[in-house]
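Quick mapping for you: the protein sequence lines, in order, are chains A and B.
Numbering-wise (my numbering), the first sequence opens with residue 1 and increments by one.
Numbering-wise (my numbering), the second sequence opens with residue 1 and increments by one.
No lab work stands behind these hints: they were computed from the structure.
Built from N, CA and C at the ideal position, the CB exists for glycine as well.
Among these hints, one or two may not hold up.
With a straight-line cut-off of 35 Å between C-alpha atoms, the simulated DSBU-like cross-links for lysine-lysine are [stated by the list, open to error]:
(1) A:LYS64 - B:LYS21
(2) B:LYS93 - A:LYS84
(3) A:LYS184 - B:LYS11
(4) B:LYS11 - A:LYS64
(5) A:LYS84 - B:LYS21
(6) A:LYS84 - B:LYS11
(7) B:LYS93 - A:LYS64
Selected chain A positions facing chain B (Cβ under 10 Å, derived; list incomplete) [stated by the list, open to error]:
(8) MET41
(9) ASP43
(10) GLU44
(11) THR46
(12) ALA47
(13) PRO49
(14) CYS110
(15) MET141
(16) ASP148
(17) LEU203
(18) GLN206
(19) SER207
Chain by chain, the residues:
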Amino acid sequence: MRIAVCIALLAAMVGAALATEIPPAARRSGYSFMGADTKAMQDEDTANPGMLSVLDGEALWTRKAGSADKACAECHNDARVSMKGVAARYPAFEKMLGKPIDLEGRINLCRTNHQQATPFAYESRELLALSAYVAQQSRGMPIAADDDPELAPFVEKGHALFMQRQGQLNLGCANCHDDNWDRKLAGSPITQGQPTGYPLYRLEWQSLGSLQRRLRACITGIRAQAYDYGSPELVELELYLMSRARGMPVETPAVRP
Amino acid sequence: MPSALINVPKKARRGDVIEIKTLMSHIMETGYRHTASGDVVARDIITSFTCRFNGQEVFRADLFPAIAANPFITFFTTATESGKFEFEWIGDKGFSETAQASITVE
Chain A
1 MRIAVCIALL AAMVGAALAT EIPPAARRSG YSFMGADTKA MQDEDTANPG MLSVLDGEAL
61 WTRKAGSADK ACAECHNDAR VSMKGVAARY PAFEKMLGKP IDLEGRINLC RTNHQQATPF
121 AYESRELLAL SAYVAQQSRG MPIAADDDPE LAPFVEKGHA LFMQRQGQLN LGCANCHDDN
181 WDRKLAGSPI TQGQPTGYPL YRLEWQSLGS LQRRLRACIT GIRAQAYDYG SPELVELELY
241 LMSRARGMPV ETPAVRP
Chain B
1 MPSALINVPK KARRGDVIEI KTLMSHIMET GYRHTASGDV VARDIITSFT CRFNGQEVFR
61 ADLFPAIAAN PFITFFTTAT ESGKFEFEWI GDKGFSETAQ ASITVE
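Using the sequences and the hints, build the whole thing.
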């Protein structure tokens with residue numbers, strides 16, 4: 001009986017949330033919610049602190065690593081050519097693993113398989129720098145992450161996670177980022193949660209951070225237990241968010257307050 | 001791997017007021033934070049920034065723990081002659097970085 005009530009409530013809630021999904025024309029990047037100063041910081045490459053990481057990443061791209069003693073550039077050549085548009089298509093389906101992996105996951109797979117090096121830790125300076133450098137090559141290009149039909153079940157899982165209420169505050173992502181993005185929370189705009197500029201420089205963090213860091217911070221904010229870095233749930237959420245932002249331009253490295 | 005981003009106009013007319021923008025990669029650890037086990041995280045900040053033009057100092061700033069990571073310092077100067085700007089950042093733990101930029105004054 002109780003289960004039946006729960007299911008009925010869940011169904012009603014999912015129905016209600018779906019009804020308020022953001023129409024494509026109303027989608028807005030977090031950029032459009034920012035003040036003029038922060039926008040100016042993102043717009044100018046010599047003022048954007050995210051560019052410091054991009055420079056780091058450019059240096060790492062040509063540095064030999066691992067027991068294979070190979071640099072990224074030895075297989076992929078010039079990132080400005082070979083990595084153009086790549087980040088806009090991530091998370092992507094990895095056949096060997098039978099699941100989607102995000103850009104950070106791909107970089108670490110390349111490290112273990114091809115460079116025979118130890119994978120970088122999540123949120124390490126190196127991993128952020130390389131992913132920022134790769135993603136910056138897609139700046140201005142439209143997000144196109146969910147082309148692969150094999151991704152469909154994972155997009156669906158991510159969507160379900162996005163809708164699912166959890167934590168002590170009993171909130172789902174959709175309760176803020178679909179239903180209340182035009183309002184404020186403690187004086188700050190809620191925003192739509194569009195993942196257009198990751199990894200991005202967040203002034204609050206005083207550093208670059210990945211989309212997974214942002215998701216974990218949000219999950220902690222609703223007082224739920226955050227998924228571990230690299231967990232399938234976070235990648236599925238990333239994938240759903242990228243499919244939700246389909247067609248929006250990549251801004252990496254973005255700046256956010 | 002500290003790196004700097006410098007924005008100096010490549011060309012200016014004599015007497016123009018020009019804006020110079022500098023961004024230096026640095027964590028700016030305040031020295032006021034503690035680890036989970038209660039140890040103080042040692043202060044690690046940039047303490048001084050200097051800009052010289054053709055050897056002569058045109059701008060200097062002292063930095064303190066309240067300044068955010070990756071300090072972005074901008075200032076104005078007057079273009080008098082062609083030459084070279086030299087930037088220097090000095091900080092805790094022996095931090096010392098330099099950068100240069102040239103300008104042509106017509």
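(message) Hint ASP43 (chain A) vs chain B: min CB-CB distance below 10 Å?
(response) This interface hint is violated because 13 Å lies over the 10 Å limit.
(message) Does GLU44 (chain A) hold up as a contact with chain B if the rule is Cβ-Cβ below 10 Å?
(response) holds (8 Å)
(request) Hold the hint about MET141 (chain A) up to the distance rule: shortest CB distance to chain B must be less than 10 Å. (result) violated (23 Å)
(message) Tell me if the straight-line CA distance from LYS184 (chain A) to LYS11 (chain B) falls inside 35 Å.
(response) violated (45 Å)
(request) May I ask you to test the interface hint for SER207 (chain A) with respect to chain B, counting a Cβ-Cβ separation under 10 Å as satisfied? (result) Given a least distance of 6 Å, the restraint on SER207 (chain A) holds.
(message) The hint names CYS110 (chain A) as touching chain B; please verify it with the least Cβ-Cβ distance against 10 Å.
(response) Violated - the Cβ of CYS110 (chain A) stays beyond 10 Å from chain B, reaching only about 20 Å at its closest.
(message) Hint PRO49 (chain A) vs chain B: min CB-CB distance below 10 Å?
(response) OK, holds: PRO49 (chain A) within 10 Å of chain B, min 4 Å.
(request) Would you settle whether the hint for GLN206 (chain A) is holds or violated, based on the nearest Cβ-Cβ distance to chain B being less than 10 Å? (result) holds (4 Å)
(message) Does the closest beta carbon of chain B sit nearer than 10 Å to the beta carbon of ALA47 (chain A)?
(response) Holds - the Cβ of ALA47 (chain A) comes within 10 Å of chain B, reaching about 6 Å at its closest.
(message) Restraint: ASP148 (chain A) near chain B, CB-CB cut 10 Å. Satisfied or not?
(response) With Cβ-Cβ at 35 Å, over 10 Å, it is violated.
(request) Compare the distance between the alpha carbons of LYS64 (chain A) and LYS21 (chain B) with 35 Å, and conclude whether the hinted pair is satisfied. (result) Answer holds: LYS64 (chain A) to LYS21 (chain B) is near 33 Å, not above 35 Å.
(message) Holds or violated: LYS84 (chain A) and LYS21 (chain B), Cα atoms, limit 35 Å.
(response) The given pair, whose Cα atoms are some 29 Å apart, holds under the 35 Å limit.
The structure does not agree with the numbered hints 2, 3, 4, 9, 14, 15, 16 stated previously, though it agrees with the rest.
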